[in-house]
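Enquirer: Sequence:
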Amino acid sequence: MLRRMLADSVIRPAETTTPFGQTRTMTDPATTIPTFDLFAHDLGADPHPVLHRLRAEHPLVRVRELDGYLATRHADIVAALRDRRLTTANLTQGLDRLTPEQRAELAPVLRSVSLWMGHTNEADHVRFQQLLKRYFTPATVHGLRPRVRQLADELIDAVVDRGRMEVVEDLAYPLPANVIAEMLGMPTDERDRLRAWSRDILALFDRADFDQLKKSQHSVLEMEGYLRGLVAQRRAEPRDDLLSVFVAAEREGVVTEDEMVANCVLLLFAGHETTANLIARGVSLLLANPDQFALLKQRRELMGTAVEEMLRLGGPAATIVRVAVEPAEVAGHALNPGDVVYLAMAAGNRDPEVFADPDRFDITRRPNRHTAFGLGTFYCLGAALARMETDVCFSALLDRTPDLRPAYEQPDLVYRPPLNHQLATVDVTF
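Converting from the sequence shown to this note's numbering requires adding 7 to each position, the first position being numbered 1.
Hints are supplied without guarantee of correctness; some may be wrong.
[Claimed, not checked] Listed next, with one range per pair, are the computed distances between beta-carbon atoms: (1) Ala114 to Ser402: 44 to 54 angstroms; (2) His55 to Arg152: 28 to 38 angstroms; (3) Thr106 to Gly150: 34 to 44 angstroms; (4) Glu197 to Asp265: 46 to 56 angstroms; (5) Glu416 to His48: 38 to 48 angstroms; (6) Ala295 to Gly150: 50 to 60 angstroms; (7) Gln137 to Asp298: 43 to 53 angstroms; (8) Arg169 to Glu416: 12 to 22 angstroms; (9) Gly51 to Ala114: 27 to 37 angstroms; (10) Arg169 to Glu308: 44 to 54 angstroms; (11) Asp53 to Phe217: 28 to 38 angstroms; (12) Glu197 to Pro115: 36 to 46 angstroms; (13) Val133 to Glu244: 41 to 51 angstroms; (14) Glu333 to Glu416: 34 to 44 angstroms.
Hints were generated in silico from the structure; no laboratory data involved.
Just so it is clear, CB atoms sit at the ideal spot from N, CA and C, and this is done for glycine as well.
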């Protein structure tokens, strides 16, 4: 079916009226961007044939359903990530389509999300970055390695006698969740609530209905209430944790309590959700490429490059969104202020102009100039932590379950439009 759809010319010229409307003429009247019916295709199983063609033939297309553009070429993505005229965009698509009445009902979560680092202006983003760098130092991240290994071993201990595990539930989620919870000083007996909250908050990033968004708001407000209690404790008794760093910054006038609490919600959610997906995808990639899995077992010194290859092919974000704050250019085309562009990392990280044999999982790949964590001002602050957690997790797996084998025929992928995929389960035996 995919071949037939491609043969029917899924990319339409400027003069053609499509289900999403006509193509948009850019600032240069001689330059038009073709419209692409991204949502007309089954991208859930494998989006890469479509993305490969887009990148080769039309590296920038208009996607009406996204109310923006889609860029697929590595060079264009890198340039856009470094362009100060393009700033980070609010990823909570579901909130953008609300009626005035619905927005009024969801005002508390809208306000909270507006305070999240990455949803603020560049000056506020840099302010939060500088604050968090007080804690996310290379020495701090490296110092966490023994504790991360201990947590990984404890999780494997719980399943090792069974000879099987479901990687997502038993390891990939609880490991980074426990790490970020400890960094924020969240008591052990409260951490099951974090997973439930996170499941609800995911709806903010999907095309969720209003009832789901109300449930997300309920969980965000519960998290904020819980965190305000921890903040009060740290004001009275500071500790050596990230929450105490925030409290110290509040005393200095660097952040307000509302900003602190909102961004702790973000850290608790994003600090484990993305790494969990990376670990699950990494296991799936190794199992799908037994030659590379065998090589990693033989040459453990390749763990670092193996993690980078997992990031390239299964990184935490398939797209990064940018919005023009002044006239700018992407892929040789002019953007007006307010124009939104989706940078398809999933396509750019398989660009044959940059990566030889780009669809191959190669744990020896050097150099590996992927953009899984972004670039420039908005480069992911947790990149070093995610790399370390993934490295330690796979070291533990190789030590404890060297004969890891898949207990599934096809990966259990959940498609999250426009291009994100998430593994719901990864059943393995050992």
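Enquirer: Take the hints in turn and mark each one as holding or not.
Expert: Hint check:
no., hint, in the structure
1, Ala114 to Ser402: 44 to 54 angstroms, "holds, 46 angstroms"
2, His55 to Arg152: 28 to 38 angstroms, "holds, 34 angstroms"
3, Thr106 to Gly150: 34 to 44 angstroms, "violated, 49 angstroms"
4, Glu197 to Asp265: 46 to 56 angstroms, "violated, 22 angstroms"
5, Glu416 to His48: 38 to 48 angstroms, "violated, 24 angstroms"
6, Ala295 to Gly150: 50 to 60 angstroms, "violated, 34 angstroms"
7, Gln137 to Asp298: 43 to 53 angstroms, "holds, 44 angstroms"
8, Arg169 to Glu416: 12 to 22 angstroms, "holds, 21 angstroms"
9, Gly51 to Ala114: 27 to 37 angstroms, "holds, 34 angstroms"
10, Arg169 to Glu308: 44 to 54 angstroms, "violated, 31 angstroms"
11, Asp53 to Phe217: 28 to 38 angstroms, "holds, 32 angstroms"
12, Glu197 to Pro115: 36 to 46 angstroms, "violated, 22 angstroms"
13, Val133 to Glu244: 41 to 51 angstroms, "violated, 30 angstroms"
14, Glu333 to Glu416: 34 to 44 angstroms, "violated, 51 angstroms"
Consistency note: the structure conflicts with the earlier hints numbered 3, 4, 5, 6, 10, 12, 13, 14.
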